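> Sequence:
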Amino acid sequence: MRTIFCHVEEHSMDLALQSLLPRIIDNRAKWKIINHGSKSQLLKNISQRLEGYKDMARTKDLGILILVDRDREDCHELKEKLERMASNKGLATKKRPDYHGHFLVVNRVVVEELEAWFFGDIDAVRKGYPRIPATFGNNKKYQDPDAIRGGTWEALHREMKKAGYFKDHFPKHDVARNISANMVPSNNISSSFQAFKSGLEALLALPPIVEMA
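Read in order, the letters of the sequence shown are residues 1459 to 1671 in this note's numbering.
It should be emphasised that the hints constitute simulated quantities derived from the structure, not laboratory data.
Because the structure is a prediction, the values reported are computed rather than measured.
Where is the CB? At the ideal position from N, CA and C, for every residue including glycine.
Do not take every clue at face value.
To be verified - Derived lysine-lysine pairs resembling DSSO-like cross-links, with alpha carbons at most 27 angstroms apart:
| # | residue 1 | residue 2 |
| --- | --- | --- |
| 1 | Lys1497 | Lys1537 |
| 2 | Lys1502 | Lys1488 |
| 3 | Lys1585 | Lys1552 |
| 4 | Lys1518 | Lys1553 |
| 5 | Lys1585 | Lys1598 |
| 6 | Lys1539 | Lys1585 |
| 7 | Lys1598 | Lys1553 |
| 8 | Lys1655 | Lys1488 |
| 9 | Lys1547 | Lys1585 |
| 10 | Lys1585 | Lys1599 |
| 11 | Lys1512 | Lys1630 |
| 12 | Lys1619 | Lys1655 |
| 13 | Lys1625 | Lys1655 |
| 14 | Lys1553 | Lys1599 |
| 15 | Lys1553 | Lys1490 |
| 16 | Lys1518 | Lys1619 |
| 17 | Lys1599 | Lys1502 |
| 18 | Lys1655 | Lys1490 |
| 19 | Lys1585 | Lys1537 |
| 20 | Lys1539 | Lys1553 |
| 21 | Lys1585 | Lys1553 |
| 22 | Lys1585 | Lys1625 |
| 23 | Lys1547 | Lys1598 |
| 24 | Lys1502 | Lys1539 |
Claimed, not checked - Taking CB as the label site, the calculated pair distances span:
| # | residue 1 | residue 2 | range |
| --- | --- | --- | --- |
| 25 | Lys1518 | Val1642 | 38 to 46 angstroms |
| 26 | Asn1597 | Pro1555 | 35 to 43 angstroms |
| 27 | Lys1512 | Ala1653 | 40 to 48 angstroms |
| 28 | Pro1555 | Lys1625 | 15 to 23 angstroms |
| 29 | Lys1598 | Arg1486 | 33 to 41 angstroms |
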């Protein structure tokens, strides 16, 4: 059975994927999350990891999904950086498959950060935190979760404080766990979430490409 290796930059995304991956993947593959602890560490470590996957792919059926937050970087430049890292290790990506149309790596940039995915599923936010009013989702500035200005976690924290949650701090790990547990992947209106989901589905749909020695 194929194993999907998901590389993430921090614990909140790790927690969210622990809820989301079983619902998306079901029994189609095994999966493992590798949390690098920070964006800088992920970008520092990923080339060496890709080198290891190149060797592993000769005898193992696998796929690699790399997720990084855009933060305030240029989305296209950040993704191109990841694409070059894979290309330098001789690994085909979804954006640049081999001549058979096969690939091992999917690179995805979360715009702007994980909390945009939460704004993409207002029902999940309200199930996790029911004092948030039903009108929360009608706010025009939240209609496009990937275009929220001033930081998505800051915006989510503001709305939670209005509802009486977390006045003095924003427990990102608890929030990630509580909201992701209620998310319905097919309903999420965040474009970056759907790009993540479609990339994962593409890895699952590939035929086995193990190169046995």
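> Evaluate each hint against the coordinates.
Evaluation of the provided hints:
A distance of roughly 13 angstroms separates the Cα atoms of Lys1497 and Lys1537; the hinted pair therefore holds under the 27 angstroms criterion. Only pairs whose Cα atoms come within 27 angstroms are accepted, and Lys1502 paired with Lys1488 is accepted, the gap being roughly 26 angstroms. Between the alpha carbons of Lys1585 and Lys1552 the distance comes to roughly 35 angstroms, so the proposed pair goes past 27 angstroms and is violated. At roughly 22 angstroms between alpha-carbon atoms, Lys1518 and Lys1553 fall within 27 angstroms of each other, so this suggested pair holds.
Using a Cα cut-off of 27 angstroms, the hinted pair Lys1585 and Lys1598 holds, with the two alpha carbons roughly 21 angstroms apart. For the hint pairing Lys1539 with Lys1585, the CA-to-CA distance comes to about 37 angstroms; that exceeds 27 angstroms, so the pair is violated. A hinted pair counts as satisfied when its Cα atoms are at most 27 angstroms apart, and Lys1598 with Lys1553 does not qualify at roughly 33 angstroms. Of the pairs offered as hints, the one joining Lys1655 and Lys1488 holds, with about 16 angstroms between alpha carbons and a cut-off of 27 angstroms not exceeded.
Straight-line distance between C-alpha atoms of Lys1547 and Lys1585 comes to about 44 angstroms, which puts the hinted pair past the 27 angstroms bound. Of the pairs offered as hints, the one joining Lys1585 and Lys1599 holds, with about 21 angstroms between alpha carbons and a cut-off of 27 angstroms not exceeded. As the CA atoms of Lys1512 and Lys1630 are separated by approximately 34 angstroms, the hinted pair breaks the 27 angstroms bound. Our distance criterion of 27 angstroms between C-alpha atoms is broken by Lys1619 and Lys1655, whose separation comes to about 30 angstroms.
Restraint check: the Cα-Cα separation between Lys1625 and Lys1655 comes to about 33 angstroms, which exceeds 27 angstroms; the hinted pair is violated. Proximity of Lys1553 to Lys1599 is assessed by CA-CA distance (about 31 angstroms); at most 27 angstroms being required, the pair is judged violated. Restraint check for Lys1553 and Lys1490: the C-alpha separation of about 23 angstroms stays at or below 27 angstroms, so the hint holds. The hinted pair formed by Lys1518 and Lys1619 fails the criterion: a straight-line CA distance of about 48 angstroms is larger than 27 angstroms.
Using a Cα cut-off of 27 angstroms, the hinted pair Lys1599 and Lys1502 is violated, with the two alpha carbons roughly 35 angstroms apart. For the proposed pair Lys1655 and Lys1490, the alpha carbon gap of about 16 angstroms is at most 27 angstroms, so the pair holds. For the hint pairing Lys1585 with Lys1537, the CA-to-CA distance comes to about 33 angstroms; that exceeds 27 angstroms, so the pair is violated. A C-alpha spacing of about 13 angstroms is found between Lys1539 and Lys1553, which places the hinted pair at or below 27 angstroms, so the restraint holds.
Between Lys1585 and Lys1553 the alpha-carbon distance is near 36 angstroms, which puts this suggested pair outside the 27 angstroms criterion. At roughly 19 angstroms between alpha-carbon atoms, Lys1585 and Lys1625 fall within 27 angstroms of each other, so this suggested pair holds. The straight-line distance between the Cα atoms of Lys1547 and Lys1598 is roughly 44 angstroms, outside the 27 angstroms bound, and the hint therefore fails. For the proposed pair Lys1502 and Lys1539, the alpha carbon gap of about 12 angstroms is at most 27 angstroms, so the pair holds.
Hint check: Lys1518 to Val1642, Cβ distance near 32 angstroms, so the stated range 38 to 46 angstroms is violated. In this structure the hint that Asn1597 and Pro1555 lie 35 to 43 angstroms apart at CB holds, the actual value being about 40 angstroms. For Lys1512 and Ala1653, the Cβ-Cβ distance of about 25 angstroms falls outside the hinted range of 40 to 48 angstroms, so the restraint is violated. Taken as a hint, the range 15 to 23 angstroms is violated for the pair Pro1555 and Lys1625, whose Cβ atoms sit roughly 49 angstroms apart.
One distance hint, 33 to 41 angstroms for the beta-carbon pair Lys1598 and Arg1486, holds here, with the actual separation near 38 angstroms.
Of the numbered hints stated above, those contradicted by the structure are hints 3, 6, 7, 9, 11, 12, 13, 14, 16, 17, 19, 21, 23, 25, 27, 28, listed in ascending order.
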